[in-house]
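Go by the hints and put chain Y onto chain P.
Those protein sequence lines, which keep their order, are chains P and Y. Residue 9 is where the first sequence starts when you use the numbering used here, and the numbers rise one by one after that. Residue 9 is where the second sequence starts when you use the numbering used here, and the numbers rise one by one after that.
A few of these clues could be false.
Because identical chains share one entry, a pair is satisfied inside a single copy or across any pair of copies.
Said to hold, decoys possible - Straight-line alpha carbon distances no greater than 20 Å define the calculated EDC-like cross-link-like pairs of lysine to aspartate or glutamate that follow:
#1 Lys58 to Asp377
#2 Lys318 to Glu15
#3 Lys228 to Asp329
#4 Lys228 to Asp12
#5 Lys58 to Asp329
#6 Lys318 to Glu305
#7 Lys318 to Glu156
#8 Lys58 to Asp47
#9 Lys318 to Asp299
#10 Lys58 to Glu39
#11 Lys58 to Asp360
#12 Lys58 to Asp32
#13 Lys318 to Asp152
#14 Lys228 to Asp92
#15 Lys228 to Asp326
#16 Lys58 to Asp359
#17 Lys228 to Asp337
#18 Lys58 to Asp337
#19 Lys318 to Asp329
#20 Lys228 to Glu39
Keep in mind the hints are simulated off the structure, nothing from the lab.
Protein chains: 2
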Amino acid sequence: MPIDTAERDARIIMSRVAEPGDVDACRLVHEHSATALVDRLRRGRLGVSKLADWVERIGSTNAGALRDQAAAVGARYVCPGDDDWPQQLDDLARLDLCGADRRGGAPFGLWARGSLPGAALRGRSVAIVGSRSATAYGEHVAGDLAMECAERGYVVVSGGAYGIDAAAHRGSLAANKATVAVLAGGIDRLYPAGNTGLLHQIIAGGLVLAEAAPGCAPSKSRFLVRNRLIAALSEGTVVVEAALRSGSLNTARWARDLNRWVMGVPGPVTSRLSAGVHELLRQPEVSLVTDAGEVVEQLAPVGEALAPAKSGPTSSWDALDARSQRLLDAVPVSRPASLTSIARVAGLQCDDVAGRLQSLCADGLVMGDETGWRLA
Amino acid sequence: MPIDTAERDARIIMSRVAEPGDVDACRLVHEHSATALVDRLRRGRLGVSKLADWVERIGSTNAGALRDQAAAVGARYVCPGDDDWPQQLDDLARLDLCGADRRGGAPFGLWARGSLPGAALRGRSVAIVGSRSATAYGEHVAGDLAMECAERGYVVVSGGAYGIDAAAHRGSLAANKATVAVLAGGIDRLYPAGNTGLLHQIIAGGLVLAEAAPGCAPSKSRFLVRNRLIAALSEGTVVVEAALRSGSLNTARWARDLNRWVMGVPGPVTSRLSAGVHELLRQPEVSLVTDAGEVVEQLAPVGEALAPAKSGPTSSWDALDARSQRLLDAVPVSRPASLTSIARVAGLQCDDVAGRLQSLCADGLVMGDETGWRLA
Numbered sequence: 009m010p011i012d013t014a015e016r017d018a019r020i021i022m023s024r025v026a027e028p029g030d031v032d033a034c035r036l037v038h039e040h041s042a043t044a045l046v047d048r049l050r051r052g053r054l055g056v057s058k059l060a061d062w063v064e065r066i067g068s069t070n071a072g073a074l075r076d077q078a079a080a081v082g083a084r085y086v087c088p089g090d091d092d093w094p095q096q097l098d099d100l101a102r103l104d105l106c107g108a109d110r111r112g113g114a115p116f117g118l119w120a121r122g123s124l125p126g127a128a129l130r131g132r133s134v135a136i137v138g139s140r141s142a143t144a145y146g147e148h149v150a151g152d153l154a155m156e157c158a159e160r161g162y163v164v165v166s167g168g169a170y171g172i173d174a175a176a177h178r179g180s181l182a183a184n185k186a187t188v189a190v191l192a193g194g195i196d197r198l199y200p201a202g203n204t205g206l207l208h209q210i211i212a213g214g215l216v217l218a219e220a221a222p223g224c225a226p227s228k229s230r231f232l233v234r235n236r237l238i239a240a241l242s243e244g245t246v247v248v249e250a251a252l253r254s255g256s257l258n259t260a261r262w263a264r265d266l267n268r269w270v271m272g273v274p275g276p277v278t279s280r281l282s283a284g285v286h287e288l289l290r291q292p293e294v295s296l297v298t299d300a301g302e303v304v305e306q307l308a309p310v311g312e313a314l315a316p317a318k319s320g321p322t323s324s325w326d327a328l329d330a331r332s333q334r335l336l337d338a339v340p341v342s343r344p345a346s347l348t349s350i351a352r353v354a355g356l357q358c359d360d361v362a363g364r365l366q367s368l369c370a371d372g373l374v375m376g377d378e379t380g381w382r383l384a
Numbered sequence: 009m010p011i012d013t014a015e016r017d018a019r020i021i022m023s024r025v026a027e028p029g030d031v032d033a034c035r036l037v038h039e040h041s042a043t044a045l046v047d048r049l050r051r052g053r054l055g056v057s058k059l060a061d062w063v064e065r066i067g068s069t070n071a072g073a074l075r076d077q078a079a080a081v082g083a084r085y086v087c088p089g090d091d092d093w094p095q096q097l098d099d100l101a102r103l104d105l106c107g108a109d110r111r112g113g114a115p116f117g118l119w120a121r122g123s124l125p126g127a128a129l130r131g132r133s134v135a136i137v138g139s140r141s142a143t144a145y146g147e148h149v150a151g152d153l154a155m156e157c158a159e160r161g162y163v164v165v166s167g168g169a170y171g172i173d174a175a176a177h178r179g180s181l182a183a184n185k186a187t188v189a190v191l192a193g194g195i196d197r198l199y200p201a202g203n204t205g206l207l208h209q210i211i212a213g214g215l216v217l218a219e220a221a222p223g224c225a226p227s228k229s230r231f232l233v234r235n236r237l238i239a240a241l242s243e244g245t246v247v248v249e250a251a252l253r254s255g256s257l258n259t260a261r262w263a264r265d266l267n268r269w270v271m272g273v274p275g276p277v278t279s280r281l282s283a284g285v286h287e288l289l290r291q292p293e294v295s296l297v298t299d300a301g302e303v304v305e306q307l308a309p310v311g312e313a314l315a316p317a318k319s320g321p322t323s324s325w326d327a328l329d330a331r332s333q334r335l336l337d338a339v340p341v342s343r344p345a346s347l348t349s350i351a352r353v354a355g356l357q358c359d360d361v362a363g364r365l366q367s368l369c370a371d372g373l374v375m376g377d378e379t380g381w382r383l384a
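Same shape as in the complex, but just chain P (with noise of 0.2 Å):
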């Protein structure tokens, strides 16, 4: 059941006055209601000094002004029980998330940009992330990765960044099918700047996503709180290229933290962007991808899209059995041998070679005349 006005201009108004993601916040929301927080606030009726932070905010919030700042560029606020909510959001209220930094609730809200319908971001769905400062071959890969999942049926999720992310965002978009970006600031400022253009062809057919209120910067501690929400929108999560301490290692752990897949695409060790990946895949539970098929092959139920096993060429040599390999080593290649000097190289009865003799020149693998047996 869709929550009513109210208590959605209150959601509005909180998600301008609570930074993203903050437990605290999210938790109140969701335990009581964000009409009651709000109302507490403006009566100044603090208690604990999380609140007192909320304050200085609250003042100059409206909701009206909010709805106004979004509905210019075409934006609207869905919340929990809206049809085109994801509700695998919700997961992330089952963390556990203790420490300093208490970041990362359940959001209550999302401004939300584009027409891809609810019921497509319930469905599959897959994170391509990665470095800004990707290389030649960390994009090519990305959006080939993103290409054939989406062929593949699954939307691409990623955070709209430069490298990676854009790579990510474009392949899905070759494949004519939607894609999702979750920014780190307001659904009204389409960052970066040099990807706006991508952003609007991501929103002409996807969606683009925001937890903080229009107008709001992205700010780096923004960009740590967005990547939760990547991943919890996600049945898995891909790394394609990342350095030590790269975001896109943030986005990993919290799919980790989720139970969702985690998967990594290796480079050379030799690369810097690779090297935060190749971290990750030392972990055991993260799994080395090379191409979508393996990447489907982990997000589907369990025997659904089985990846075809690789396999190199296989030669005439592969196919025969141990000692007719055996004997096809000692045959020569262009001096014909005698039967019983090739039995000797062998190490085989001169029986048993007569007849696989025969059977390889059937084989076309040998060939024989009065002179005696050499390679065909």
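Okay, now just chain Y, sitting in the frame of chain P:
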């Protein structure tokens, strides 16, 4: 206790009569004796079909002649019980080998060329193997890895082939350390011809080993069975570059079957020559390694050689607590802002912000005057 001369001569004969690693030959020699087996073959009391194969070669085989052939190149025959016998090879006797291709028994002797003392060969050791048609990347990585493993006291074992094998041997030699090459053919046939110089360098300070008798050609099937010796000699096997179906994956399988560590060095997923390694790395028991520190960490007794955790450059931002990070994110780059304005942007209480700004100022991260605060 070393075995006696008669038995040693009989084993030398069997090294020519049976194919290297023939399971039946290995078991019959170990369980009975080579003397009894040669005697039976010479008398023509065959009984089983397998012995009939061996009869093809026994007539022309003479222990003294083989010993002379080996001595001509400075090679000797070593057997289990000898001081310089690598006891770890006896682990091969524990393998349960069945199926059509019964190859891979524990060797009853080896031809050896070089000066590496036996004790050194029974110490710490690592196999570094890979594709013959390696890329510059693979050879670079294999050489570095071998050099650093050698410097950390590990004997590098490989197959003396072109590509990764040669790079591994060269890396070890560059560290002035002994390295071991295991040949697929006879000890007097340094193969491949293009590596003759390298193999002579290996012999000078290390060891070249061969299971097949002097004069034997390095055939395809002998390469596969030779691989088990590389795996068995080493505490672990590292595959650097390998196409799908590469012979070095066969070495990795022997290592796994022997309960040795199996490691792989990743590369670009676009490289055919890393596809085999990546397939290997998708197996749960195989570890991804990117440098010698990680190889040694895997091989050394638990807790003895922990590789330092890899970390990227840390910034002053990383060292701050979450609230100060948020605050720093809210301080303008160039145009100074007031404390109240910064507090509102950061969503933090004014009192707290005042104290934190002073502290960030003391750390040299922000600067303030009567016009307000900005980043330093």
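How the hints compare with the structure:
no.	hint	verdict
1	Lys58 to Asp377	neither (95 Å within a copy, 29 Å between copies)
2	Lys318 to Glu15	neither (54 Å within a copy, 47 Å between copies)
3	Lys228 to Asp329	between (62 Å within a copy, 13 Å between copies)
4	Lys228 to Asp12	neither (33 Å within a copy, 76 Å between copies)
5	Lys58 to Asp329	between (75 Å within a copy, 16 Å between copies)
6	Lys318 to Glu305	within (13 Å within a copy, 30 Å between copies)
7	Lys318 to Glu156	within (17 Å within a copy, 32 Å between copies)
8	Lys58 to Asp47	within (15 Å within a copy, 92 Å between copies)
9	Lys318 to Asp299	within (11 Å within a copy, 27 Å between copies)
10	Lys58 to Glu39	within (17 Å within a copy, 79 Å between copies)
11	Lys58 to Asp360	between (87 Å within a copy, 11 Å between copies)
12	Lys58 to Asp32	within (8 Å within a copy, 78 Å between copies)
13	Lys318 to Asp152	within (18 Å within a copy, 29 Å between copies)
14	Lys228 to Asp92	neither (28 Å within a copy, 62 Å between copies)
15	Lys228 to Asp326	between (56 Å within a copy, 10 Å between copies)
16	Lys58 to Asp359	between (91 Å within a copy, 13 Å between copies)
17	Lys228 to Asp337	between (64 Å within a copy, 7 Å between copies)
18	Lys58 to Asp337	between (79 Å within a copy, 19 Å between copies)
19	Lys318 to Asp329	neither (22 Å within a copy, 48 Å between copies)
20	Lys228 to Glu39	neither (29 Å within a copy, 70 Å between copies)
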